[in-house]
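Student: Chain by chain, the residues run as shown.
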Amino acid sequence: MITLAKAINAGLRKSLEKDSHVLLMGEDIGKLGGVFRVTEGLQADFGTERVVDTPLAESGILGTAIGLALRGYRPVCEIQFDGFVYPAFDQITSQLSKMHARALGKVNLPIVVRIPYGGGIGAVEHHSESNEAYFAHTAGLRIVTCSNPEDAYWMIQQAIDSDDPVIFFEPKRRYWDKADINMEAPSLDLHSAKVLQEGTDLTLITYGPSVRTCLEARRVAETEGKSLEVIDLRSLSPLDLEPVFASIEKTGHGVIVHEAPTFLGMGAELSAQITQECFYSLEAPILRVGGYNVPYPPARIEDHYLPDVDRILDAVDRSFEF
Amino acid sequence: MITLAKAINAGLRKSLEKDSHVLLMGEDIGKLGGVFRVTEGLQADFGTERVVDTPLAESGILGTAIGLALRGYRPVCEIQFDGFVYPAFDQITSQLSKMHARALGKVNLPIVVRIPYGGGIGAVEHHSESNEAYFAHTAGLRIVTCSNPEDAYWMIQQAIDSDDPVIFFEPKRRYWDKADINMEAPSLDLHSAKVLQEGTDLTLITYGPSVRTCLEARRVAETEGKSLEVIDLRSLSPLDLEPVFASIEKTGHGVIVHEAPTFLGMGAELSAQITQECFYSLEAPILRVGGYNVPYPPARIEDHYLPDVDRILDAVDRSFEF
Amino acid sequence: MAQERLVQLLTPEGERVEDPEYSIEISTEELKALYRDLVMVRRFDVEATALQRQGELGLWAQSLGQEAAQVGSGRALEQGDYAFPTYREHGVAWCKGVDPVQLLGMFRGVNHGGWDPNENGFQLYTIVIGAQTLHATGYAMGLMRDKSDRAVIAYFGDGASSQGDVNEAFVFASVFQAPVVFFCQNNQWAISQPIEGQTRVPLYRRASGFGFPGIRVDGNDVLAVLAVTREALAKVRRGEGPTFIEAFTYRMGAHTTSDDPSRYRLASDLEVWKLKDPIERVKVHLARTGQADSVFFAEVNAQAEEMAATLRAKIIGMPDPDPDEMFAHVYAEPHAPLAREREEFKNYLASFVDQP
Amino acid sequence: MAQERLVQLLTPEGERVEDPEYSIEISTEELKALYRDLVMVRRFDVEATALQRQGELGLWAQSLGQEAAQVGSGRALEQGDYAFPTYREHGVAWCKGVDPVQLLGMFRGVNHGGWDPNENGFQLYTIVIGAQTLHATGYAMGLMRDKSDRAVIAYFGDGASSQGDVNEAFVFASVFQAPVVFFCQNNQWAISQPIEGQTRVPLYRRASGFGFPGIRVDGNDVLAVLAVTREALAKVRRGEGPTFIEAFTYRMGAHTTSDDPSRYRLASDLEVWKLKDPIERVKVHLARTGQADSVFFAEVNAQAEEMAATLRAKIIGMPDPDPDEMFAHVYAEPHAPLAREREEFKNYLASFVDQP
Ligand SMILES: Cc1ncc(C[n+]2csc(CCOP(=O)(O)OP(=O)(O)O)c2C)c(N)n1
Ligand SMILES: Cc1ncc(C[n+]2csc(CCOP(=O)(O)OP(=O)(O)O)c2C)c(N)n1
Ligand SMILES: [Mg+2]
Ligand SMILES: [Mg+2]
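Protein chains in written order, with the working numbering: chain A, 2 to 323; chain B, 2 to 323; chain C, 3 to 358; chain D, 3 to 358.
For reference, chain A alone in the conformation it holds in the complex (with noise of 0.2 Å):
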């Protein structure tokens, strides 16, 4: 059994081993081991070259990381907090994605941005937010999130294997989460979603911190004899929508689950292309159970602005009444 904490950290020891080219950066990821911890004893092991302490600037750490991946490194950077990845919001949108294509292809990026990301922890402002979408309405990223040890240990590893930038979003409030894991050989590639359990009457859709939470919905509608599907989609861009549509196909109801505000959430792409894609097969509009649209609240009361099991429980059966 291993936390998803450890399993990133265990698959970023695994890509430094690897590869003399990656490297972590960051604020605090050397001796301190990251707030989560999730750099512990890399510092140690690969020496200050490689697990870099850097100075307080976001910024600064994507564009010293655009350049160190021009000269062919791998820098693979730890955002603290999801509130704090803004100031770098121009190395990211107007240098990161769109790179490679301006060289036509001649330069790669192969950069990883690792976000903690979402609520649930008792945090003060800027610590719970879910802005997954604005670097998925992004072309040039690539955006994947884990929701269990095993897919953070292998999807971290495949994220920094791959050419192009990945925005690598961790459901830090699923940090502390074990599960044994297999260590063998992934199961899935990096872009694919997965069918985590069969349903028939209708399809829960989710990623990141909400996998559980839909999990937790699935049983208890069973006890209730509904019986939903739960697919993780893993990856946010590219969108692996085939599972989606054939499960579509065969419940008719859809509900997509993110602690994102539901206006232009990821919510929105996927009720619009599922509904193009199954017009014929929905028997109720797909619904969204999302954050509201407020900044994310004080902690307090953040349990009534995340999707929880009666939400998503209400929503499934606003689904079945439509």
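Simulated from the structure, these hints should not be mistaken for lab results.
The model shown is predicted, which means the values in this text are computed figures rather than measured ones.
Distance condition first, Cα-Cα at most 25 Å in a straight line; then the derived DSS-like pairs of lysine-lysine:
hint: 1; chain 1: B; residue 1: K107; chain 2: C; residue 2: K348
hint: 2; chain 1: D; residue 1: K276; chain 2: D; residue 2: K34
hint: 3; chain 1: D; residue 1: K316; chain 2: A; residue 2: K107
hint: 4; chain 1: B; residue 1: K107; chain 2: C; residue 2: K98
hint: 5; chain 1: C; residue 1: K98; chain 2: C; residue 2: K237
hint: 6; chain 1: C; residue 1: K149; chain 2: B; residue 2: K19
hint: 7; chain 1: C; residue 1: K149; chain 2: C; residue 2: K237
hint: 8; chain 1: C; residue 1: K316; chain 2: B; residue 2: K107
hint: 9; chain 1: A; residue 1: K107; chain 2: D; residue 2: K98
hint: 10; chain 1: D; residue 1: K276; chain 2: B; residue 2: K32
hint: 11; chain 1: C; residue 1: K276; chain 2: A; residue 2: K32
hint: 12; chain 1: D; residue 1: K348; chain 2: A; residue 2: K107
hint: 13; chain 1: D; residue 1: K149; chain 2: A; residue 2: K19
Distance ranges between label pairs, derived from CB positions:
hint: 14; chain 1: A; residue 1: D164; chain 2: B; residue 2: D181; range: 50 to 60 Å
hint: 15; chain 1: D; residue 1: A338; chain 2: A; residue 2: D46; range: 31 to 41 Å
hint: 16; chain 1: A; residue 1: G42; chain 2: C; residue 2: V274; range: 26 to 36 Å
Ideal Cβ placement from N, Cα and C applies to all residues, glycine included.
Starting from the known structure of chain A, fit chains B, C and D with the ligands onto it as the hints suggest.
Tutor: What follows is chains B, C and D with the ligands alone, placed relative to chain A:
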């Protein structure tokens, strides 16, 4: 007859005259009058304290505007081109959008951020982007865009009057469009959508620079015996969807048109909401015509990227054939 | 860096010393008031730390060791001056008269700040590193337009000096000659990063390259900080443009209650800095010069205890916000879709009430 | 600012002068080669400007007046050194051997750059102001890891000095002692903003507050620029950390062909700077010292004309890209949805082919 650019100029002038706390800030907005001459003559008339040429730093512009707003001013910031707003993304996302909520309503930030956006002017990289979705996904901001001189004239004033931050997208390739305008009184408030042309067969939902293209498409469709309704959203956040729902209930068909990449563009949200609201009225899924999911291409092929009459009519046909 | 010029008026041993440029005339009453401030601020901090340990706060960022930098600069501010803090300026908040209970709201998790910055001229805490330095500069640009003789002070840390925003604030402040004092508490650490991870030269030197003066002061010497900040404020009021103060101090606590400094720094460093404690030297000075006796010290302690007890009671009794509040202040003006969402949320919550 | 120290080795009148710190030994051949570079670069620029006027380019950013700054620094670079330009370093591109035709692609609107930066060690042009200074710093950090003795040069303008990114680049370069020379062409203008709109003190002084040296050089003196840049590169190669060079020059043209400088600056300023022309002084010096005669000058001019004619022919014949190209290089690895979109686009285009 007055151009859209001159209409904004006139609106800014009105606001500067009306309220001494209104001030303009940005790069090259003084003597030069901005690269599009939208602020032409205003520094000469209102002085350098009210029409402020700033250092070359977008985060600095937004950050100091926030400070000025805290002191009671109403800054109108110009971002020179769409692609240069990203250095200010943190100030917009973490500060401008959230400070009213952070202060439990005790502080207002009545700031307008003017962004000339979109393509079609044969420009180099970063000068043709449609990045409205990033901002529309951000709670706490209001996002509007004008499509014609009259709206430009009134909406800029209404945006400045708003006590909330407003991102004001200006359709740069329509800056030189001319029209007679009513300067007596605004016909609509800032956040209302407008049915520009009625029709019975299909609804084109659009905004900003694509409005003119949709009106042209409507004319062509008419010659083919198809009656299209054209709705100019005007406000992207909040959305005014009552006219859209009413229209779709009438036509049963909808096509959304914008220049931004479709993946997580405004069309995604519109499609999701329309489908949920008008599920039983839809005879085909809502289709989207937008930019492709690639970095904005070089000028010589931008016409292929931008939605044009042909692509719109192609989607109209696909909707009818569905 | 230890050999740099450092303005000091009161040594760690409690001796008054002279500085060639800065002097201060201070009455016994004033000095005792400063001592009281220092003790109150520390007591407040200790109480908040305890409240966090007991689960009453979600997080706490201690100001331990930085009281002189904060009280010295905070007391230099005059009525109408405006402070832009980070998240650690509890001592400045104290001087500005912000209710300590309100200050704890965001650390408890009931709001993100929520006090009225205009009430005391103390802006909300800003967590995104450096962002507030631009707000401060903009506010100061507003003061100029208002022909006000008030000044602004912008707080930030040594780590923050690396952020683009802080450097852009220097540019704007200098170009527009805005009346803002940049007050950097160099507490030597940005979480686990020592100051050498941000700069190879003393921070106060950053200013001159942007066209304004910088000075380093002993941040654990409340008198020196007071004198230097007063002078800087006077200068900016006279329209001479911004000034940079580096208060050389030390973060004696953890970065926050979530942090574990034993992973990255030596306990012995802390011992060295304990000898430079900002409160002890004032106490020794007051006592040694006969300006205060044990009765006074006991009285101050009692006041501090009382404040702490009141604070504790108020925090423990502090209710959670109505969840519906998250919709309340997103916009200043009506917003139809959000109003609908709020209504749906209310109905959804209400749907549970009658259930068994 | 005119009284600041300015390294100069060749006066506007073509006199060789001595500088206390910098000297240069230069053969006639070398000097003639520099002259040739200067003329070629200007001729290239003139041709591009003409091509823009005739609609063959969408936009052009002239380097007129900045040839010495660019050729002087460009020729100081050695094999394997890497340059990170803005969008105006045509002279550096020339020195680095980048094909002038390729350079015009983005200005014509057929691509966004598209040359291979690794071929000549000349990164793609970067339009977002300041972003490339961080890339340069990162690249230099890579050189250190490779134990390379190569160096990086990062170009940026006076206006760029206000951007957060540039200042963050200073921080990273200094903290990590990266082998990067920051080369600022202070051409006195950022579009319509004079240098006073960005800084109140000379830009080269910015460096010392970040812990590395800065120097101002006459940017219209190719010898001084060469000498100062060589020395700076040698220094960074020795592992002594970054250096800042401010090349004091003047943008003699408009900001770009879209700009109209008559709105914001006096024609008379230009006249003053014409007297300091970077090419004329080399010519005068070569002629006066008898190192070159009219035959040489005519030959250089002929070469320049030939280059211009070839360039023109190639540009005018340059085809538009296949529209489908916009999908080609978004990702290095397969991307199924984009591949589908590309396929649909192809089919859509094909649907027109058979129509009457
Ligand atoms: C933009 C941003 N990046 C990262 C963080 C996370 N963070 C919070 S405090 C801190 C260190 C700040 O150090 P310093 O500026 O020296 O202030 P101090 O905490 O020492 O008072 C960091 C990295 C943040 N709040 N904002
Ligand atoms: C981030 C950003 N903001 C604004 C612009 C628009 N812009 C292009 S060039 C320029 C002025 C640059 O001045 P300077 O750095 O002095 O370089 P120069 O053009 O004089 O060579 C501006 C404002 C931009 N390209 N990028
Ligand atoms: Mg610190
Ligand atoms: Mg310039």
